[in-house]
Amino acid sequence: MRSSESDEVSAPAATAAGARAVQVRGRRAPRTFPFVLPYLPFLFLFGIFPMIYAATLAFTNDTGAWAGFGNFERTFTDYRFVPALLHILLYTGVWLSLLLVLVVGLALLLHGRANRVSTTYRFLFYLPGALAGAASVLVWLFMLDPSVSPGSFLLRNVLGSHLFVESIAPGKLPFIFAMIAFWTGAGGWIVVMYGALNTIPHDLEEAARIDGAGPVTIALRLKLPLIRKWVAYMAILSFATGTQLFVEPQLVNQASLGLVPDTWSSNQLAYQMAFRYGDFNAAAAIAVDLLAIGLFAAVLVVTRTGLFRAED
Amino acid sequence: MMQRSLLSAVVVSMLALAGCGGDSADDSAKGPTASPGASASGKLTVWVDAARLPVAQAYAKEHANVKTDIVTFDGDGNGATTLQTKIQLWNRTGKGWPDVVFSEQVNDPVWMARKPFEFAAPLEDLIPKNLVSDWPEASTAQCTVDGKLYCVQDNVAPVVLWVNKKLMDQFGYAVPTTWQEWASLAQKVAKEHPGYIVGNVGDSYGHWIYFWGNQCPLEQLKDDRLLINSADEHCTRVASMLDPLIKNGTVPPLSVFTPDFAKKYGGANDKVLLMPGPSWYAQALFDQTLHIPAGQITAAPPLQWENESPTTTGQVGGGPWIISKHTANPTAAADFVVWATTVFNPSGADARPGLPAYAPLAAKWLQMQAENPYFAADPTPALKTSTSQIWQGWHLVTYPDQPVWSNTVVTQLVAGKDLSSLLKPLGDALAQAAQAAGYAVIRE
Amino acid sequence: MRHTARGFRSLILAAFALFFVAPLLWLIVAPTKSDEELVTRGTFAFGSLHQVGEAWAHLDAFSDHIYRAWIANSLLYALSATAIVLATAIPAGYGLALGNFPGRRIVLTLTLVVMIMPAAALVLPIFLELNAAHLIGSRLSVILPFSFFPFGVYLAYIYYATAIPHDLLDAARVDGCGEWATFRHIGLPLGKPVVALVFFFSFVADWNNFFLPYAVLGDSKQYPIQVGLSNLLSSTPSFNPAVGGGGQQVNIFRPELALATLLAVVPVAIVFMLSQRALVRGLIGGGVKE
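Chains as they are written, first to last, in my numbering: chain A, 1 to 312; chain B, 1001 to 1444; chain C, 2001 to 2290.
In case anyone wonders, no lab produced these hints; they're calculated from the structure. Keep in mind that the hints are not guaranteed to be accurate.
So the derived label-pair ranges between C-beta atoms look like this [unchecked claim]:
1. A/PHE153 with B/GLY1267: 20 to 26 Å
2. C/PHE2044 with B/PRO1346: 39 to 45 Å
3. B/LYS1263 with C/PHE2044: 17 to 23 Å
4. C/HIS2003 with A/GLU206: 19 to 25 Å
5. C/THR2040 with B/VAL1175: 30 to 36 Å
6. A/VAL117 with B/ASP1428: 53 to 59 Å
7. A/TRP66 with B/GLU1062: 56 to 62 Å
8. C/ILE2270 with A/ASN157: 45 to 51 Å
9. C/ALA2045 with A/VAL117: 28 to 34 Å
10. C/LEU2112 with A/ALA29: 20 to 26 Å
11. C/ASP2060 with B/THR1385: 42 to 48 Å
12. B/GLN1392 with A/PHE153: 49 to 55 Å
13. A/PHE153 with C/ILE2106: 52 to 58 Å
Some chain A residues close to chain C (C-beta under 10 Å, calculated; not the full set) [unchecked claim]:
14. PHE44
15. ILE52
16. ALA134
17. GLN254
18. GLY294
Incomplete in silico selection of chain B near chain C, CB under 10 Å [as the list claims (entries may be wrong)]:
19. ARG1225
20. ASP1243
21. LYS1247
22. PRO1259
23. LYS1263
The beta carbon of each residue, even a glycine, is placed where N, CA and C say it ideally should be.
From just these sequences and the hints, can you work out the full model?
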């Protein structure tokens, strides 16, 4: 219980703030629907409607009649479905682990440092992000070839591959793809995490330091829990994009002269279903499968971290 | 299944109603016809792979009144499904088909002629019969689907035994005539000259080299069913023969087209002693890809299994040229295909890479190779005789089998497994691919 | 003890910096060497500028200067789509953050939900939609889907919800400004950081997008550079042995591929550099406590 003076001072301020809040969202809030209007056609045409259409395609057959779970059954029993699913689940698991551990770790490491050096490092980490997509895969095709790669020492001794074909051996692929995805994507998330760390009030850090906590304790016990929300966002978004892997295995399929199949990932299988066999219903079923997995992971993360609790 | 045929029927009838595509839309059974005696003109879109680019460019240059648009693509090589996805897209949108397509997959015309793609034009009315009769029977048979001719092949590609005469003479080895002699020579080479090779098994068409010629039934149509029996004795004996050779390094699981292969076995100090391979390896592979110096390479007849007669060999490619059913310029399209397969025959370094399928042109090409200073000895006798030795018990199917071989076998060979242990997975995977393509498969 | 901790920290950061940067350095140096030199000389050894010229000549000659078309396409798609995104997403974020209307919450939730959707899963229905509208084969089939950028809306929403003091807007309204004028004179100028941010993310996302153009474009002359790179990869004998080809016809080997990749990255790298400040400061900066 503090002094009554400050109570008196803070009470009117609180009511004023409360009144303002009510004003913004209440009857006197400006009608801003016209501002949102131009965006709505795009939201519906390329966001909502395709989602519904995909769901419809997944549960109907090619003549439009209801097919129940027929498409799901059909795709599930396709001999390429389970291997592709296992591939992307393993890939996503590896990639998420890399992201969660290394991105957060690197952001924490950077946060304790002097500003200019930290900025330089963040910039360097961020650079590969310019190469996402086909360009980054092409770069890594060279990096994985022991005869031209600067990392040939690592390739030969750590990965055990002396030839390009050995670098892309089936067992190594999920890890190779995770590494490529990490290389392109980590920098962006490090910047985000760093920014999130910047929102932590300095007094909290100071207080902890005065109490005698070392840098590691501060990082793990203080900073980490406070950026929980951002880590959760990263996990959700990355999980969704991870299961959709397409470019990397597609290009490696071309570069390996077919050694890596063109149905390595579930998304590739969906593409072949749609554009090679013309079976859009099967492709939609696979897409819905991926969506379901993504949503499941999202719900898991949201409930485990209480992500939406402090929302607006 | 139903939707595809329904959709294509709708597309075809819509095209007919709209009057698009010229003759081709009137009657889906009758393809476009070339106006007899008319010279080619107008616009022509041609899809070729990198190796066929020179012929397309040469045609464009010599036929100034045909506006030729050349598109380079992957040629559907190594079992890619590029053309399937593209044709689906074009069919669905009702436009965009090229006039002429070259494919590296000899089985492409089979599905191109059938539903739901229905892309290939029957050639009866486009290419005169007297020309077609000069293609080898086996070649036109491969282009004949459901009784109609849907393509003409660019080259014949029987497997022969390529020999490095210089090295063989240097080491004092005799050129083997049977697989057994080849295998025991390999054992000798591994002991006396480690690092030298007598073949390779890492290409996406390795099964066509070693299994097709030795009569292994991996793709044999029996009436309307497909026989895939990798446990057949013809298959297992080949695998048993190859296993020790893969192990001792004389038949590595590496593709001849990778830079790694060129570095290890090619160049001035090349280590290629023998190489069972198709006729088009000739100068294209040994000179231009592997940079093996002149005066070393020649061709020997395909290997025989023990004393089994007649000798049968495999086939790697053939390069079908296909004319689109939707072409608006059938005259120019036919003119292009005919010119590319019966006329185009540059000499020297720009020579056609493979043995032409069209017999008169083949004779000219063989004459050139007989006099080609690149070879250590005349390779043409072997090339000539092998053309008629391709085993006819391996049929063309609608799905690509190269990726199955690559994924199931080559990756595991690289990892050190035995070929013999991979025969069953190979058979199973081929059966799955066949069933997914709609075949009724029998396994024995 | 502190020194070893600091040293350890430096080591880790430096090692990762090396991991991120080394491939880029290799990429910059690779076109200066011939294919032979790539294998024989040191990986970061500088070749010659003449070699770069040769590599470019080969690359440009491929398929009738199609490489230039690919870059031009990417610029067209990314710039026009981003223009539409800016025109729609910024006002939308503003409207969602600072106003109210029936359905506001729904629009926000839908935007969020679509953000988590696997974009690739949407490509197939979008393809069918575009086909029904007879847009397949036109460049609009790429530009229009690209113009939908829910992440941009969400960014603008967060920014306007946290960075703009309500009193400022109230003051403007009290002065008699209508909503549009308020937005134009206050919302937009104050929103410069988020405009830069959305421009950046939209441009980069469009530039790097592979799956949508790959699926809907049939004519290789309309490909953006990412799809073009894959076309280059599969059409050239370095990675795809033509039946009977040694590559001399097409002349695209590893240095040419490296150059193609490098040039494909330049526009995005430029946008990167320009948006650096806005990125690092603006993304979370707006969410700081008042």
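Verification of the supplied hints:
1. Under the hint 20 to 26 Å, the C-beta atoms of A/PHE153 and B/GLY1267, about 24 Å apart, fit the expected range.
2. Take C/PHE2044 and B/PRO1346: their Cβ atoms lie about 42 Å apart, and the range 39 to 45 Å holds.
3. The given range of 17 to 23 Å is respected by B/LYS1263 and C/PHE2044, whose C-beta atoms sit roughly 20 Å from each other.
4. Between C/HIS2003 and A/GLU206 the C-beta distance comes to about 23 Å, which sits within the given range of 19 to 25 Å.
5. Taken as a hint, the range 30 to 36 Å holds for the pair C/THR2040 and B/VAL1175, whose Cβ atoms sit roughly 34 Å apart.
6. The hinted range of 53 to 59 Å is satisfied by A/VAL117 and B/ASP1428, whose Cβ atoms lie roughly 57 Å apart.
7. Separation of A/TRP66 from B/GLU1062 is about 59 Å and conforms to the stated range, judged on CB atoms against 56 to 62 Å.
8. Separation of C/ILE2270 from A/ASN157 is about 38 Å and departs from the stated range, judged on CB atoms against 45 to 51 Å.
9. Between C/ALA2045 and A/VAL117 the beta carbons are some 29 Å apart, a value that agrees with the proposed interval 28 to 34 Å.
10. A beta carbon spacing of about 21 Å between C/LEU2112 and A/ALA29 agrees with the range 20 to 26 Å that was offered as a hint.
11. Checked against the given bound of 42 to 48 Å, the beta carbons of C/ASP2060 and B/THR1385, roughly 45 Å apart, stay inside it.
12. For B/GLN1392 paired with A/PHE153, a C-beta distance near 52 Å keeps the hint of 49 to 55 Å intact.
13. For A/PHE153 paired with C/ILE2106, a C-beta distance near 56 Å keeps the hint of 52 to 58 Å intact.
14. A hinted interface residue such as A/PHE44 counts as satisfied when its beta carbon comes closer than 10 Å to some beta carbon of chain C; here the least separation is about 9 Å, so the hint holds.
15. Evaluation of the A/ILE52 hint against chain C yields a held restraint, the C-beta minimum of about 8 Å falling below 10 Å.
16. Of the supplied interface hints, the one on A/ALA134 holds, with its beta-carbon coming within about 4 Å of a beta-carbon of chain C, less than 10 Å.
17. Because the closest C-beta pair between A/GLN254 and chain C is about 4 Å apart, less than 10 Å, the hint holds.
18. Interface restraint check: A/GLY294 against chain C, minimum CB-CB distance 6 Å, threshold 10 Å, status holds.
19. The beta carbon of B/ARG1225 comes no nearer than 30 Å to any beta carbon in chain C, farther than 10 Å, and the hint placing it at the interface is violated.
20. The interface hint given for B/ASP1243 is broken, as the beta carbon of that residue sits about 26 Å from the closest beta carbon of chain C, more than 10 Å.
21. Against a cut-off of 10 Å between C-beta atoms, the interface hint on B/LYS1247 is violated, since the closest Cβ of chain C lies about 26 Å away.
22. A distance limit of 10 Å between C-beta atoms decides the matter here; for B/PRO1259 the minimum to chain C is near 7 Å, and the interface restraint holds.
23. Look at B/LYS1263: its Cβ gets to within about 7 Å of chain C, closer than 10 Å, so that hint holds up.
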